[in-house]
Amino acid sequence: MREVLLDHLFKIISRLRTTEIGLISGGCFEKAAEVRKMQESLSIIRDSLITARLTGASTSLTSAKNLLESTNSELQIYLSTRKEADAKLEAVLEKIPALIALLGTIIS
Amino acid sequence: MRNNRETLTAVFLVLCAAGCATRDNTEFQLFHTQTRILADGTAAAFESALLFSRQNLVEAIADGNIDLLENMILQREGVFTLSGDPATIPAGLSLAQRAVREAGSTIAEYTMLLAAITDSTNIAFSIGNAGQPYTGVFASVTAVLVEHGRIEHDSRRVLAAMQTASPQIDSLSSAMAELNVASANAVQAAYADMAARRQRAIAYSGGSPEAVRELIALNTEASSLLDELSALRDVWLLVPAVHSELMSSLVSVSSSSTLRVLTMRLIDINRKVKAGNE
Chain A
0 MREVLLDHLF
10 KIISRLRTTE
20 IGLISGGCFE
30 KAAEVRKMQE
40 SLSIIRDSLI
50 TARLTGASTS
60 LTSAKNLLES
70 TNSELQIYLS
80 TRKEADAKLE
90 AVLEKIPALI
100 ALLGTIIS
Chain B
0 MRNNRETLTA
10 VFLVLCAAGC
20 ATRDNTEFQL
30 FHTQTRILAD
40 GTAAAFESAL
50 LFSRQNLVEA
60 IADGNIDLLE
70 NMILQREGVF
80 TLSGDPATIP
90 AGLSLAQRAV
100 REAGSTIAEY
110 TMLLAAITDS
120 TNIAFSIGNA
130 GQPYTGVFAS
140 VTAVLVEHGR
150 IEHDSRRVLA
160 AMQTASPQID
170 SLSSAMAELN
180 VASANAVQAA
190 YADMAARRQR
200 AIAYSGGSPE
210 AVRELIALNT
220 EASSLLDELS
230 ALRDVWLLVP
240 AVHSELMSSL
250 VSVSSSSTLR
260 VLTMRLIDIN
270 RKVKAGNE
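Same order as they appear, the protein sequences are chains A and B. When we follow numbering that gives the first Met the number 0, the leftmost residue of the first sequence carries the number 0, and every step to the right adds one. When we follow numbering that gives the first Met the number 0, the leftmost residue of the second sequence carries the number 0, and every step to the right adds one.
One chain only, chain B, in its complex shape (with noise of 0.2 Å):
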């Protein structure tokens, strides 16, 4: 669990850092891997958070919370489930789960239509890889001209989509994060309920070894459980930087690196035509 959130993290800098001047649209791609791994990674953690609300529930009523159980059959219209009523903490989390996998879907799709569209075809390198006998100087700078608009059309339009999305993604980030704190609220909520039976328990019989250990074996629980939202919220906080880095390397793509494939396409066909006369 370190072990990924150190990695995510990592990743997430090293994106930030990267501002591309080629042309690939690798660090699109792994935005997308990363996002994706992310989403996941959080309506994981909240399954376990829901979990262990749940647990602490099950444990009020069997320790005799009958005012508990009496609310919640009475709001119910069909079958018995624990989590069915809204004014439980299990229940919010269910409904956090489902905005996160929502979001996280999203999120993903936004991610890989970037990707997607920032591999763009090269006309040029079509027009070479064509195999068609095809020479000519001129044909061959028309084709990297419009490859060049093209370039330009495509960052224009992927900036504008890019630009509009900015905040959008600012918005989500931020609710990704309170939700995880949210979510880790509950667990404390849940830990302190829980260890309070257990220690009152212990107080009661007077501590055997085998109880102590499991309110430690609970404490375990619930600390790794905070660690992993805390994580995930860190993360999730990183989102945005990483997006406007991807956006300043868009920009800065455009202009000089289609020049500097314009000669190099220049060069290219010279020496062929040279090659071709001798």
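Bound conformation, chain A alone (with noise of 0.2 Å):
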């Protein structure tokens, strides 16, 4: 709804500065002076639509950050854990009987 309103402001901005580049064509500088007002209190209007719709666009994508963050903590978390399994690995790899009872535990 917002997007439409804001379509049809753009294009009767437009038709209002093609209206008044006219009238100073024509030497009718008062009206064109008038027109133009009629073009920035409609601008001011355009504006607050917009700066409405780039803050509500930021507060969604803040939104959506934050609840991906949650699941960045949670692999790394699981991260660090593979990280150090992988570790003790490394360690014990001659011993095959502690070996297998360390596979053991890194399974379950």
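A hint or two may mislead.
[To be verified] Simulated crosslink set (EDC-like; lysine to aspartate or glutamate; CA at most 20 Å straight-line):
hint, chain 1, residue 1, chain 2, residue 2
1, A, 10, A, 39
2, A, 30, B, 62
3, A, 82, B, 118
FYI, nobody ran anything at the bench for these hints, they're computed from the structure.
Build the complex: two chains, separate frames, hints provided.
Spelled out as structure tokens, the structure:
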């Protein structure tokens, strides 16, 4: 809905501009100034819609980012425990009985 | 800029079609690299949009928009900076840029973690490379079976994490796309105002070639910014699909390839034992 409104605003402002330029070219400077004021009033509304859109989308992005951050924390923990397990394995590689016992712990 | 867009899109499409059947994590590494580039590119595009928008704000004040200037001064507490006013588009773009940088960092960390975890250490290879006098089919088979268990373990854990992340990636990708559109709107608005001023000046003065050239240059700048934002939006919308493809590739890797590895390892051991006996 907001998008449609914004679209209309862009179009109306554009038409007003064309009208204004026409008036200037025709020498009707006072009328042109009035049309310019209309453009400026509409531009204020246009700009506040765009600012709201930017703010809204930024907020959504930040929320999504926060959720992903918690997934990252879990993955980080898992990676650390995996690295610990790898280090232990490398250290006891030549001892077969001990190796099998240790590997058993890692699987479970 | 077009080349960058085409390259980025091409890489992402290739990642989609990849469906790896090997145990290496190249696709994950590539995903990490490409999302980094995408995030950095987006932040840079927003910087350009911000500068364009600020240019418009400066012109508005110089053009005699006293209300605008007064509003901004009244809301100021410290040093006068044009983009400090929360109600202006440049302030919105600044906020957006910050959000993009933070989200970009988080997604880069996520893809980096995926790449690190899928780069699983191969126990059997470690055993083979350790150079220890290590013979025995039993020990080798045990090692490979354990490796199979570890790979299942890895895949299950990584898959679970990716499944949790999947809707988060969707939201992030949509929000990025929306933000690109909002940023494009900001560029369109700034262009409309700046073009209007120049056209007005041309109409009043009768149109110098200099002024017309300036207007054309402005148009070119705005168009190229809009193209870039549009391209970035398209690539962000591809990210969830690539993420899904990577998940699928993980599932297919788990069961079949480890059995293949087991078989190959057994054949290898047998060959070594035979060679040792001769």
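Taking the hints in turn, this is what the structure says about them:
no.	hint	result
1	10(A) / 39(A)	holds (14 Å)
2	30(A) / 62(B)	holds (19 Å)
3	82(A) / 118(B)	holds (11 Å)
The structure meets every hint from the earlier list without exception.
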